[in-house]
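There are 2 protein chains.
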Amino acid sequence: MTSADPAAAKPAPKDPWELPDVSGLTVGVLGGTGDQGRGLAYRLARAGQRVIIGSRSTERAETAAAELGHGVEGAENEECARRSDIVIVAVPWDGHAKTLEALRDVLVGKLVVDCVNPLGFDKKGAYALKPEEGSAAEQAAALLPESRVTAAFHHLSAVLLQDPEVEEIETDVMCLGEVRADVEQVQALAQRIPGMRGVFAGRLRNAHQVESLVANLISVNRRYKAHAGVRLTDI
Amino acid sequence: MTSADPAAAKPAPKDPWELPDVSGLTVGVLGGTGDQGRGLAYRLARAGQRVIIGSRSTERAETAAAELGHGVEGAENEECARRSDIVIVAVPWDGHAKTLEALRDVLVGKLVVDCVNPLGFDKKGAYALKPEEGSAAEQAAALLPESRVTAAFHHLSAVLLQDPEVEEIETDVMCLGEVRADVEQVQALAQRIPGMRGVFAGRLRNAHQVESLVANLISVNRRYKAHAGVRLTDI
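Chain order of the listed sequences is A and B.
Residue numbering for the first sequence follows the working numbering, beginning at 1 and increasing consecutively.
Residue numbering for the second sequence follows the working numbering, beginning at 1 and increasing consecutively.
All the pointers check out, no bait thrown in.
Since the list gives no way to pick one copy over another, a pair counts as held whenever it fits inside one copy or between any two copies.
Capping the alpha-carbon separation at 25 angstroms, the derived lysine to aspartate or glutamate pairs in DMTMM-like fashion look like this: (1) K124 to D182; (2) K123 to D182; (3) K123 to E178; (4) K225 to E18.
FYI, nobody ran anything at the bench for these hints, they're computed from the structure.
All figures in this text were calculated on a predicted structure; none of them were measured in a lab.
The shape of chain A in the complex, shown without the other chains (with noise of 0.2 angstroms):
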């Protein structure tokens, strides 16, 4: 390294493990009827966040948000995302891009945090659907140019999260997007739930293979009779 090293210029990298308070945020969930939606919902709220959850139906919506307790609303997709300052996406891969065309408007400017995994089932069992931009963030990515687009949450247990008995999920939370600011909010959120880091894994352009990592994830809870997570090791 010499004195030109343009490096040598740079402050201090900051602590990864810093990240903004993200306490007062409301937070929407889109298909959370949905297991993984709820089971999302559910451990977000009983963490102290305030929840909406999302469905074509405000009634299905209401109900759910009732059965959840903790505070958690429900209402219509459009009002959800209107009332909430990060959404996540946990519609089925079938209804993803339709949903998101739907609300692109609503959604301009919020941070959204797009956990779906598209996967394909047969009698082998689960395997990757390849979208054509990529993988289903990036689909979010180019269906909404003007929100802040992330993708997290792909590899948690739904019978975990809506296990009321289950006081910890022991379990990192893949955080990938664009915008470092952004990442962070999104880990902010995953370390509000017992148990759970937030980590920073890269771009979008990398979450293809994060999304699918579910596939393996459903062999090894088959062969193992367990509800499989991630941790990342050395950090």
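Use these hints to put chain B onto chain A, whose structure you have.
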């Protein structure tokens, strides 16, 4: 469940942690002079496994073997493959197809463990390459129809593997393949290395995301100044 349920007639499921003894098998490491190959060879030999590293050049293989110690031998790739029971493929992705094609005959009947990660690099870091066959492992399976092709050892840090000061490497090795008995040998081999577990993680059609997850680990390493690995939780 009714008495007609076919599962009722099945024997109790086998304990997934009951793995074969592979301590007497010879392991060849193709590309054993590269960082990943050297590291794996070193760890396995240090654990008491008989290891031969292979290279295109006998001389380079022998030099690297002498440096590694622990009884590691060096040989030209073909001899390495011929003398080994289990053959780990740790060559650069660029040379993957060519190397395997040339060894097709000598690899007939052998247990082949592909640990190659097809990645590209640009200014934004690492990204996944998608082999025509789906993954490096599936390319190996296509090129070696009479070998027993599996995939494993993708997420190990070559730095940690090669560091003699490191006694244990706390990580899981995701092991993939079509034939349970073959994959179990690979799992057992992984477990020879202190700190590692060999975990069944699906069929070869789900190898791509395991291979390309290394792009994410590279992002993690950069952000956290770490040598990140993967642990699976709840198993």
